[in-house]
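So the protein lines, in turn, are chains A and B. Quick note: the first sequence, position 21, residue 21 per the numbering used here, numbers continuous. Quick note: the second sequence, position 156, residue 156 per the numbering used here, numbers continuous.
These are computed hints drawn from the structure, not numbers from a lab. The reader is advised that the hints may include incorrect statements.
[What the hints assert, rightly or not] Derived contacts from chain A toward chain B, CB cut-off under 7 Å, selection only:
(1) LEU11
(2) LEU17
(3) PHE21
(4) ILE125
(5) VAL164
(6) THR200
(7) THR245
For glycine and all other residues, C-beta sits at the position ideal for the given N, C-alpha and C.
The chain contents come next:
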Amino acid sequence: MRDRLFITTMLVPSMVLLILFYGYPIFDNLRISFTDLSLLGMKKGGNWVGLENYRELFRSGEFGHILFNTFIWLTATSVVLRLLIGLAIALLLNTRALGKLRLAAVSRFALLIPWATPPIVAVVIWRFLLERNGFVNEALIGLGLISQPIAFLADIRTVWPSIVVIMLWNTVPLIALSLLSSLQTVPEEYYEAAELDGATDWQTFRFVTLPFLMPAILVLGLMSVFWSFNNFVYVWLATGAGPGTFTNVLATEVYLKAFVDFRLGYSSAIGMVMAVVMGAFGILYLRLVAQRQLEETL
Amino acid sequence: MARAASRHWRDPGAWQLVVMLLLAVLTLFVLVYPAIYVLVGSFRPGGGLLSSTETLTFRNYFRIFEAGFGRFIFNSLVICMVATVVSTVLSIMAAYAFSRFQFRFKRTLFTAILFGQVFPWIVLINPLFVAFATLNLINSYVGMILTYTAFTVPFSVYMLVGYLVTVPKSLDEAAIIDGASRWQVIWFIICPVMLPGFVATATYAFLLCWTEYLFALAFLTQTELKTLPLGLYQYFGDDYVDWGAVMAASVVTTLPVFLLFLPIQGRISPGRIAGAVK
C-alpha cells in the first residue's frame with residue numbers, strides 16, 4: 001500500500017507534464033483544425049467550419065508539391081542515402097587494412113565532429129560553403145567542372161540536392177558509428193567459414209555481413225524516417241522553404257500558414273495530416289523498435 | 001580493437017589499398033574540413049569570404065558581444081539549465097519507479113514514453129501557442145522552461161531506466177531492511193552509484209535545449225528574451241549576411257556542445273541515442 005502511494009508520487013509529475021504537452025495539444029490541434037481560428041483573433045476564438053480546412057488543403061495545387069517534397073526529397077532520398085553512405089563508411093572503417101594504418105581510429109574521431117555539430121550550425125556551415133563565392137564554387141571552378149559559380153540554394157536545379165547534402169553531413173556519422181559497432185559484433189568464425197567455402201567478397205558481404213546488420217539497418221532507417229519527415233530546421237534555415245515556395249515541406253508549411261499567414265485553423269489541418277502519416281509509421285515503430293526497447297529495458 | 005579490423009575483406013592488393021585510402025581520406029576531408037573552415041573563418045574579417053587579408057583577428061567576436069550576443073547566451077543558459085534540472089529530477093523519479101516496481105499500466109506508460117521520443121513536435125506548435133497565449137506564457141522564461149522540460153523528459157526517462165535496471169534491487173532492499181526510506185535509498189544509494197549516468201543524461205538534455213530552434217522561434221518574439229539559436233540567425237538578412245558575425249556566433253554556440261558532448265558520447269551509445277535525435 002505504501003509502495004503504491006510512492007509509485008504514484010514518483011510518476012505523477014512527469015506523466016502530468018506529458019499529458020499537458022503531448023496528450024492535450026494533439027487533441028486541441030484536431031479541434032483547431034475544424035475552426036477558422038486566426039493568430040490575430042485568438043481572443044475572440046474561431047468559428048466552427050467543419051471539414052472546410054481539409055477540403056481547401058486537398059484541393060490546393062500547392063499541396064501535391066509539398067507532399068512530393070516531404071516524401072521524396074526530405075524523407076525518401078535523405079533516408080536511403082543516409083543508410084547507404086553510412087553503411088559504406090562503416091564497412092570502409094572496418095577493413096583490416098585501414099585498421100592497421102590507425103586510420104580507422106582517426107576517422108571515428110572525425111565522425112564525431114559532424115555528429116556533435118548542432119543542426120542549426122550545420123546549416124550555417126554549409127550555407128557559407130555553398131555561397132556564390134564560397135568554397136564549393138571555388139573548388140568546382142578550380143577543378144574546371146563549372147565555369148560560372150552556382151547559387152546552390154537559390155537555383156531550383158540544385159537546391160534540393162544541397163539541402164540533402166547538409167542533412168547527410170550532419171546525420172550520416174550517427175548511422176556510420178551505429179553500423180560500425182554492429183559490424184564489430186559479427187563473429188570472426190563466420191568470415192573464416194565463408195573464406196573456407198571460397199565465397200567471393202560480394203558473397204561474404206551479401207550472405208554474412210548484411211543479414212547480421214539488417215536489424216540495425218531497419219531500426220536506423222525507421223528512426224531516420226521520423227527525424228526527416230518531421231524536420232523543420234534544415235529546410236527552414238537553409239532556404240526558408242524557397243526559392244519562392246519551391247522547397248516547402250509539411251513542417252515548414254505548418255509554420256508558414258500559422259505564423260506568416262496567421263491561419264491557425266488551416267495550419268492545424270496540415271498538422272493533422274502529418275500526425276496521421278506519423279501514426280502509420282508509429283505502428284511500425286511499436287513493432288520494430290518500441291517493443292524491443294521495452295523488453296530490453298524493463 | 002583487434003576485432004575491429006575484421007576479415008571482411010581479404011588482404012587487398014596494392015591498387016585496392018590505394019582506392020580505400022583515397023576514399024578514407026576523402027571521407028575524412030568532407031567530415032572535418034567544413035567545421036575547420038568555419039572555425040578559421042570566425043577569425044577573419046568578413047568570415048574570410050572576401051579573402052583580401054589573411055590576418056586573424058578577434059574582431060568578429062568583439063562585434064557580436066558588443067551588439068548584445070551575451071544576452072542570448074544568458075537567456076539560453078537560464079532556460080536550458082533550469083529545464084535540465086527539473087527534467088532530470090522528474091525523470092529520475094519516474095525512471096526509479098519504472099525500474100523497481102511492477103504496477104498496472106506499466107507497459108502502457110513506458111510505451112507512451114518511447115513514443116514521446118518520435119513525436120512530431122511541429123504538430124504541437126499551434127495548440128501550445130494558443131494555450132500559452134491565454135496563460136501569458138509567450139515571451140516568458142517559464143513557458144520555455146516548461147516546454148523544454150516536457151521536450152526532454154521522454155528521452156531522459158528512457159536513458160535513465162536503462163541505467164537503473166543495471167543496479168541490483170537487492171541493494172535497495174538491504175537498505176530498506178536497515179530502516180531507510182525509499183527517498184533515502186534514492187538519495188544516498190542510487191544517486192552516488194548512478195551519478196555518471198545521471199550526468200550524461202542531464203548533459204544530453206541540456207544540449208538538446210541549447211540547440212533547439214523551433215519552439216524558441218514560435219514562442220519568443222522579444223529580442224531581449226531570445227535564445228542563442230535565434231540570435232545566431234539574426235545575422236542572416238534578406239539580401240545581406242554578416243558572415244563574420246555568423247561564424248563567430250556559430251563557434252560560440254558549438255564550442256560548449258563539443259566540450260560537453262565529447263566526454264559523454266561514449267556513454268550515450270549510438271543505439272540509445274537513436275531514439276533521441278530528432
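Against the structure, the hints come out as follows:
{"no.": "1", "hint": "LEU11", "in the structure": "holds, 5 Å"}
{"no.": "2", "hint": "LEU17", "in the structure": "holds, 5 Å"}
{"no.": "3", "hint": "PHE21", "in the structure": "holds, 4 Å"}
{"no.": "4", "hint": "ILE125", "in the structure": "holds, 5 Å"}
{"no.": "5", "hint": "VAL164", "in the structure": "violated, 14 Å"}
{"no.": "6", "hint": "THR200", "in the structure": "violated, 10 Å"}
{"no.": "7", "hint": "THR245", "in the structure": "violated, 16 Å"}
Hint violations for this structure: numbers 5, 6 and 7, all remaining hints satisfied.
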